[in-house]
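Use the sequences and the hints to build the structure in full.
Residue strings, one per chain:
2 protein chains.
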Amino acid sequence: MLIVKRFAMILLLAGGVSAVAAQEATWIWYPGDFDIWLSNKMQNRRTERGSFFPPFWKLDNHYILINFHKTFNLTAPEDVSVYVEGEYNVKLDTKLLPGKPSQVTLPAGKHVLDMKVFCQDRVPAIYLKGKTLVTDTSWKVTFEDKEWIDATGKVSDQSGTVWLPAASGGFNNPLQPPSAFRLQVTPASAVRKEKLSQGEVLDFGKETFGFIKIHGLKGTGGLSLYYGESREEAMATESCETLDRLELQNAPARDSVLPLSKAFRYVQVNAAAGVSYDSVSMLYEYSTVQEKGNFRCSDEEINRIYDVAKYTLHLNTREFFIDGIKRDRWVWSGDAYQSYLMNYYLYFDEPTVKRTLLAQRGKDPVSSHINTIMDYTFYWFMGIYDYYRYTGDSSFIKQCYPRMQSLMEYCLGRRNKDGLMEGLSGDWIFIDWADGLSKQGEVSFEQLLFCRSLETMALCAEIANDAKHKDTYNQLAADVKTKLFNWYWNTEKQALVHSRINGQPTDHVTRYANMFAIFFNYLNNDQKQGVKKQVLLNNNVPAITTPYMRFYELEALCALGEQNYVLQEMKNYWGGMLKLGATSFWEEYNPAKKGAEHYAMYGRPFGKSLCHAWGASPIYLLGKYYLGVTPVTAGYDTYTITPVLGGLQWMEGDVPVPGGNIHVYCSAKEIKVQSATGTGKLLLNSKTKPVVSNGTAVLKSGQQYEVTIEKNKAYRITYTAL
Amino acid sequence: MLIVKRFAMILLLAGGVSAVAAQEATWIWYPGDFDIWLSNKMQNRRTERGSFFPPFWKLDNHYILINFHKTFNLTAPEDVSVYVEGEYNVKLDTKLLPGKPSQVTLPAGKHVLDMKVFCQDRVPAIYLKGKTLVTDTSWKVTFEDKEWIDATGKVSDQSGTVWLPAASGGFNNPLQPPSAFRLQVTPASAVRKEKLSQGEVLDFGKETFGFIKIHGLKGTGGLSLYYGESREEAMATESCETLDRLELQNAPARDSVLPLSKAFRYVQVNAAAGVSYDSVSMLYEYSTVQEKGNFRCSDEEINRIYDVAKYTLHLNTREFFIDGIKRDRWVWSGDAYQSYLMNYYLYFDEPTVKRTLLAQRGKDPVSSHINTIMDYTFYWFMGIYDYYRYTGDSSFIKQCYPRMQSLMEYCLGRRNKDGLMEGLSGDWIFIDWADGLSKQGEVSFEQLLFCRSLETMALCAEIANDAKHKDTYNQLAADVKTKLFNWYWNTEKQALVHSRINGQPTDHVTRYANMFAIFFNYLNNDQKQGVKKQVLLNNNVPAITTPYMRFYELEALCALGEQNYVLQEMKNYWGGMLKLGATSFWEEYNPAKKGAEHYAMYGRPFGKSLCHAWGASPIYLLGKYYLGVTPVTAGYDTYTITPVLGGLQWMEGDVPVPGGNIHVYCSAKEIKVQSATGTGKLLLNSKTKPVVSNGTAVLKSGQQYEVTIEKNKAYRITYTAL
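Going line by line, the protein sequences match chains L and V. Numbering-wise (full-length UniProt numbering), the first sequence opens with residue 1 and increments by one. Numbering-wise (full-length UniProt numbering), the second sequence opens with residue 1 and increments by one.
I should point out that these hints are in silico values taken from the structure, not numbers from a laboratory. Take every hint as true, because none was put in to throw you off.
Which copy is meant is left open, so a pair is good if it fits within one copy or across any two.
25 Å max Cα-Cα, derived SDA-like pairs, lysine to any residue:
| no. | residue 1 | residue 2 |
| --- | --- | --- |
| 1 | Lys41 | Pro365 |
| 2 | Lys91 | Pro77 |
| 3 | Lys154 | Asp435 |
| 4 | Lys398 | Gly426 |
| 5 | Lys154 | Ala596 |
| 6 | Lys713 | Tyr665 |
| 7 | Lys481 | His469 |
| 8 | Lys91 | Gly607 |
| 9 | Lys363 | Tyr401 |
| 10 | Lys206 | Gln290 |
| 11 | Lys41 | Arg122 |
| 12 | Lys95 | Phe52 |
| 13 | Lys363 | His469 |
| 14 | Lys91 | Gly603 |
| 15 | Lys363 | Ser406 |
Printed below as a string of structure tokens:
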């Protein structure tokens, strides 16, 4: 059924196609529109017990009428094949060509080609392929060309058209337009079958995702599928989160693929008396992102944690970086923000980051925070900041900048009389899932993220050559930061307090703002040590129970040099899930709970997601704070490598960077490094001056040495661990 | 072919339908969305010689995900049938019902029903029908419900959801959802056939609109149709504006209806040797708006002008009020504005006015003037003003007010340093089609319309209970008006000059601003007389050659009491077109031209539209300035009737008003009046005191008398004309 549908998609395209190599030509569209359209499809695939369950925020739309524009200069006339998604016309030098040509002959010399495409249900897109003229991102696009004519037929010569470079996304086959995009699938089988008094339960051996396929299905009557991330869930026909029901009427035997993908490890299959089938398998559906990073070390439990984290992230890396595969499958900004960071240490896949950022942002006007959550708006800005830091892709920043500005305008318009961000009607202050966490008044955590977002605006204003607003944003950021420390820093508690209510700081301390303040580098050294002792390592401050915020808590501790402590925490926390049989990491984990209690959330016995992207943070922590690779200037033009074993005997891994990897091996005696890009500084502590195979170690302070790492050279450093 | 398509539309609907009377239930959707969606379909139907020809402004989109919400209170449980356009769910008291129910049983008592509908290609819409619970405009809708849940499953209790009343549009049949909307068609035949050496020319006897139907079409090869508003155009295969080409391949004989409607009087049919057919007819396509107004008088030429004007307006009254049926078929704001005014004197059809206003306005953000034309933005505001004046429908004003505000914000943001509207890049200053008309600098005409638009904003701010902005808009309007008279009024010329350039008024006088200033009542009596003599009746001021601006020119003269002169102008100008064989009125008419010269425009031999809505203005002039019926307060709560024969011996007619008509008969001796609404003042001049059958005449001044007209009473007044 699914397969047939995909095939049909391809056949639906306009005919008359010849074999085309199409190496350079690619489908193009208006920037951001495919991302929004695809996210609408994706986010409306959620079901809850068979019922449609769409998002609760505004879904934006692609522009339905687009002008594609290209000035070309040919040395000889050229035949060009034309493929289009939508109703269209072709203009050569502003003159309409007859009808809807599937092939046009372009004259030699300098000319202008324009195509207008209208498409309501898909994104207007074109693919042109001639000997030299092809569609690519050198084409310009607009959603309003404003090209009126006067009574004599003369085209306006003072149009205010805003042209943008066209977007593309690797759709290089004229027969596979953007609307036909599907993730890959591959067949997979259950590893175990368990007969029930009625029906059977299939166990696919681990958390997985895809389309159930029922082979040789026939007969008359109902067939039900109950999906479970746990066996308990698959058995709970009245409370499992997802299910499918088919109704057959004299169906002849055939293989049926369920139309909607699901997350599961177990599936209970329950057929009515009149219905039979041969067997049940699945089509595993996955993104083809490439694993570029890796990590291995002397601790096998950490290695298993790393592998399950990788699998968890891969399952949640789909058309977009989503939150979890069982339930929402939505593009949540706070969740995706963590996936971006993990991505930089595993796939370094820029397209999925850009697609997710564009989908979250949508279009103007802004009528709510991203996903309705104030913090999630700020994570969106921070995602842009990090994207630039890791990739150095300034063209994407320039493309996003107008939408960044209007979103920031929305935020600035919602400040209270003290210039702080306080929840207004319709604003969800999320922070974390934590019992009794106060969202009242002006929460320090939100001001901190607001400040970082303003700093991001200033950075991007500079990239977008908007010097005037750069200054404005810098001043606004400085103002918020001043207020943060004047109003929230409690010297006695050595912490930022949780909130102000009615203009007065509370004396309640939580971890959130304090841990972010550390890796944002907003604290001086005394403050850092105070926070470490009085907040992070203080059991009287409420503990964090989600991997989501454990991500930042452990990052803060790593930033303070507590890798040994963090390694043990990883083993306890992620290792704890593994000991309970987890094959992917969870939305929430509280070691105090027992048995099926672990599966409950949102007031539902199986409400919790057992495969949540934010559970995969060891990928990031191990890459950034153990292998110790981090960019200093955008796109790894310069970077540092600060290996920290944290109690391991040895570790080895790759961190992907633009154009290749940075490879690091580290034991207590020896470090090996090779990098494919930029200029790095290897920072290490040694009792004696390290010996460098291919360079020299320079003493920086006390026992810290620095080795300059040049591109594509192998370094071997022997040293004496402290 | 067309018929088949329509039928298929209906069959595509969700099945399981029982016979339903459905008197009260109606399809509902988010306000404005159907109008925008339908206008996208309509405006993308334009072709030029067979090529797709879409608009050059931004096309907006409907919201693709909508929540429909209803609190109900049933005395007994009730079965409700559910019909939906799109993917959907149903929630009862915030709990999801299983799957996609086509029927739900609602419990007795007070409960809440929610439905979420996602639909990309059509407008999300629902139709529910129970014994008492039905979909209607008492339902609420939103495009973002912001109803998040916390970790315990509790729904947010501080949502900032903006709920609006749902919109509906007379779709009361569950099997005919909004997306299936089509205008009516009826078969029609040519009145004459002319054999050509190759092919034939059919003459349908007058301008018409619809789908050509070819009966018994069969064979192999091409068949071409060349459409002509004139015989010359249908014969000009190389330059006619619209055509169709079919290609047949061993087609068995069948009746084929062309998929796109066209405007024509003549059609040349040209079949290849291998193609044959039995005959050619058409399906005339039309709006079912009802004629409520009428006019008859002692001058048969005026009667013919009135009838052809009616036919012209009817052809251009379609899904929307469009500009002309042959070429653009777009929703142009300046053109539609005149149709609104004519509509109030012929159909009084509110839905087509509202649909057109909503379609033109589209959605935020505003990125250009309406249709890219500055004056057309202002006509949009004026259209709102008049809609309220004629209908008194304040709920529509309230619905539109936020979109009015953002459009006015756009205008205010584009004022120059002197606070005036000057064309910026991308702004088309249209005014009129007139050779050599200057659009440079700050054109007085635009300031005048800007001022009226600000007055409209103040009026609507009051209706929308926005007292603060009412004052702001009034101040802004007063400021523009002051500048208009301080800077543009030339005492010597007794006129507003055409423009200022570089801050200096020119001494060039055109008719535009001056004639609008008269019926906007911006001039004092001396200024009015000055303008009349020095501008309107001055042959040295460039003449107007479009019925578009003749509309306002003649209105201004009527407002000055020049009905005798205007009657002669009507006979000359519109009568002139009739003498040339016009069966509908034209986009432009210059009596100085000869033969086929009349058909040329935009540099093309048949570029001119011979059926243009703005050609139908006699409907308005005769109703408003001869029968003399005009509302004083909104919705004809109070009104005046000032009959002016203007040289006619007698006239009689009806002007539609809310709830009925106002009937007026007038000769030099006798006036008869009956009104279905409000309280009127009949104003008449008489040498002697008029005798009133059913009331009394009160002397107001000199020889002017006033008779109060009460609802549903017949009055007969005898008087002595001056």
